[in-house]
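Trainee: Input sequences plus hints: build the corresponding full structure.
There are 2 protein chains.
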Amino acid sequence: MARNASATGAPRSRVTLRDVARRVGVHPSTVSRVLNPRTRGMVTADIARRVTDAAGRLGYAPNPFAYSLKTNRSFLVGVLVPDLVNPIFPPIIRGIESVLDRGGYTAIIANSDNQPERERLILEKMQARQVDGLILATAHRSDALVAKYMAAGGPLVLINRTIEGTPVHAVVNEDRRGMHLAVQHVVALGHTRIAHLAGPPRFSTGQRRLQGFREAMRAARLRPDPRLIAPCAAFAEEEGLRALRRLLGGRVRFTAVVAANDRLALGGYDALAERGLRCPEDVSITGFNDMPLVDKVRPPLTTVRIPLYEMGARAARMLLEQLTQPGATPQSVQLPPTLIVRGSTAPPRGG
Amino acid sequence: MARNASATGAPRSRVTLRDVARRVGVHPSTVSRVLNPRTRGMVTADIARRVTDAAGRLGYAPNPFAYSLKTNRSFLVGVLVPDLVNPIFPPIIRGIESVLDRGGYTAIIANSDNQPERERLILEKMQARQVDGLILATAHRSDALVAKYMAAGGPLVLINRTIEGTPVHAVVNEDRRGMHLAVQHVVALGHTRIAHLAGPPRFSTGQRRLQGFREAMRAARLRPDPRLIAPCAAFAEEEGLRALRRLLGGRVRFTAVVAANDRLALGGYDALAERGLRCPEDVSITGFNDMPLVDKVRPPLTTVRIPLYEMGARAARMLLEQLTQPGATPQSVQLPPTLIVRGSTAPPRGG
DNA sequence: AAAGGCCGTGCAATCGATTGCAAAACCGCT
DNA sequence: AGCGGTTTTGCAATCGATTGCACGGCCTTT
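First to last, the sequence lines map onto chains A and B. Residue numbers 0 to 350, in numbering that gives the first Met the number 0, belong to the letters of the first sequence in order. Residue numbers 0 to 350, in numbering that gives the first Met the number 0, belong to the letters of the second sequence in order.
Don't read these hints as lab results, they were simulated from the structure. Among the clues, some could well be false.
Stated by the list, open to error - Calculated lysine-lysine pairs in the BS3-like style (CA-CA distance at most 30 Å, straight line):
(1) A:K124 with B:K124
(2) A:K124 with B:K69
(3) A:K147 with A:K124
(4) A:K69 with B:K69
Mentor: In structure tokens, the structure reads:
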């Protein structure tokens with residue numbers, strides 16, 4: 000009395016091509032051809048209909064392993080972010096998934112925690128899993144592994160950073176233009192002594208935003224004071240707190256702070272609070288990213304919005320294009336930021 | 000002059016078992032046995048060493064498709080959440096992934112947007128992909144599909160909800176106890192007229208927290224006034240705003256609001272602001288979840304923290320257990336909440 | 001020294017689909 | 001009716017690993 004399997008009962012093995020074939024009285028290969036739109040035309044309409052019917056009735060679903068084994072395609076895409084808990088990534092991922100889904104692909108997501116070693120491990124694991132492509136939203140500028148992957152012809156799209164020198168598919172936002180928007184805004188309010196909480200230079204975003212800040216200041220005929228540029232070691236609240244605290248302790252006065260990202264700006268809030276300064280009455284602050292919930296803080300943060308969802312979607316679309324027509328020349332898409340004015344900016348005291 | 004493949008050059012097919020076997024001069028099956036820890040003992044130590052060496056030198060990596068085809072295991076786990084952008088989910092997911100990783104599994108994540116139809120599609124897609132198990136963090140209480148999946152013996156763990164009647168693996172937090180903490184806190188501050196922003200009853204969390212609220216009120220010898228219980232149609236800021244607005248427009252006075260979740264509480268902030276009321280001076284508010292950033296809002300939200308990361312990790316661990324020893328009797332783990340006192344609660348005016 | 005065991009290895013079937021090639025069926029036309 | 005030429009369908013190899021079974025060699029035992 001042969002039992003099906005162990006006690007749990009492996010869920011009765013699924014319907015296979017062969018089952019459908021037997022049911023209709025044709026060869027499995029015929030069924031395969033019917034079910035593959037590309038080869039559907041090879042078989043008589045009548046048989047095709049009968050096969051489709053039977054497949055539907057039996058609830059046939061192709062075995063992805065067999066398919067992948069034969070064709071070497073997994074329909075999996077690896078997505079690597081530094082930290083899913085950082086609120087800018089979920090919207091990006093949703094953008095990615097919505098597009099991948101439509102293409103029949105599935106994303107597998109991993110966090111690098113900004114540790115190169117972890118990143119290496121993850122990339123290896125993804126290659127072991129035979130992902131069809133990779134989307135990297137990690138901010139690193141070191142990229143030996145990635146270069147190797149690309150050299151091997153692996154489809155790849157970067158989000159929010161590029162690799163200088165190498166042509167590579169990438170979706171970035173116009174960081175410099177975003178900084179112009181922020182600076183122009185506070186300048187228009189009447190500020191002239193403007194500080195910058197700068198992101199880490201090892202990230203291309205940190206670097207480009209600093210550059211944008213300097214440009215925008217000069218464009219406004221203001222000299223960016225080096226003593227008002229506070230470098231931060233990470234895009235984290237504590238760093239923003241630390242940096243602005245130091246600025247406030249210095250001798251150079253300022254009435255506005257343009258931060259390289261929202262989290263630095265939020266840290267800045269805390270620094271002001273420590274000193275009993277009020278935002279925006281005493282000091283104006285702007286952020287960058289418009290991440291979720293920054294409209295809920297007090298005061299609601301004036302910031303530069305970058306189209307996170309759109310960026311994810313575009314990146315996924317670019318990847319799908321590479322997958323369908325390999326060898327396309329790498330292109331870099333730039334998405335425009337917009338200024339979101341809320342409550343953290345106001346004219347300077349007595350301005 | 001046969002080219003390898005198309006212009007891109009399919010990355011030269013990887014090293015296979017057969018390659019390693021040829022190199023060492025043994026049969027592929029021997030290599031397989033060496034590389035599988037469970038069968039390693041069947042082969043001579045000397046040969047085993049030579050095989051391991053060769054495998055390492057050649058950079059052999061098993062083909063996951065072939066493996067899966069033969070063994071019917073994908074090492075994939077489906078994770079379903081309502082909306083990745085909701086900040087409570089990323090920590091849960093990180094908890095899940097950290098454990099799955101260690102077990103060699105990979106998560107594939109999908110968003111249901113709380114739409115049953117989408118949920119159905121996603122579950123189907125995951126089953127088509129042959130996931131080895133499922134973790135559901137969706138809050139729905141309708142569950143025909145899930146029941147079917149379980150009946151088929153599919154390993155499953157629920158997060159933050161259970162299915163009444165059916166025994167099922169689940170990780171939940173002690174919602175009722177959490178509400179007790181919140182109510183006790185405001186009662187201890189001196190409040191007696193306490194309102195509740197209730198979550199949707201179609202979610203077990205909404206239901207249980209309301210129940211907890213009532214119990215805690217009675218335990219404090221206060222009669223929960225039905226007119227101070229405002230139902231919300233969703234766990235969203237707008238609903239909290241709407242609900243508290245209505246309460247404020249009513250005739251029944253109150254000095255504290257215990258919300259069923261942080262987002263409702265944040266919506267409550269807006270309702271107070273509309274009326275020119277200050278928190279906590281005029282009205283105290285508490286949340287539930289302690290989601291990221293609620294410490295940054297003004298005032299920082301007093302709330303009940305639930306161990307999100309831990310919940311994810313526990314759920315994953317429970318799933319792995321099911322996978323290694325199927326047929327274990329379902330168990331439900333309850334994790335304890337803790338009260339986080341911040342700035343949104345204070346003694347009542349003149350209290 | 002022969003017989004019986006056991007251990008280590010090889011053989012070959014199998015998982016479920018895809019696909020080049022061969023065979024069969026069918027067409028129109030003379 | 002028979003022939004060349006297309007369709008249409010079937011056959012069988014293949015992707016890369018796992019695993020039950022058989023075989024051969026060596027060791028022990030009498």
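Trainee: Against this structure, judge whether each hint is valid.
Mentor: Hints and how they fare:
1. A:K124 with B:K124: holds, 23 Å
2. A:K124 with B:K69: holds, 21 Å
3. A:K147 with A:K124: With Cα atoms ~15 Å apart, K147 of chain A and K124 of chain A stay inside 30 Å; holds.
4. A:K69 with B:K69: holds, 13 Å
Violated hints for the displayed structure: none, as all numbered hints are satisfied.
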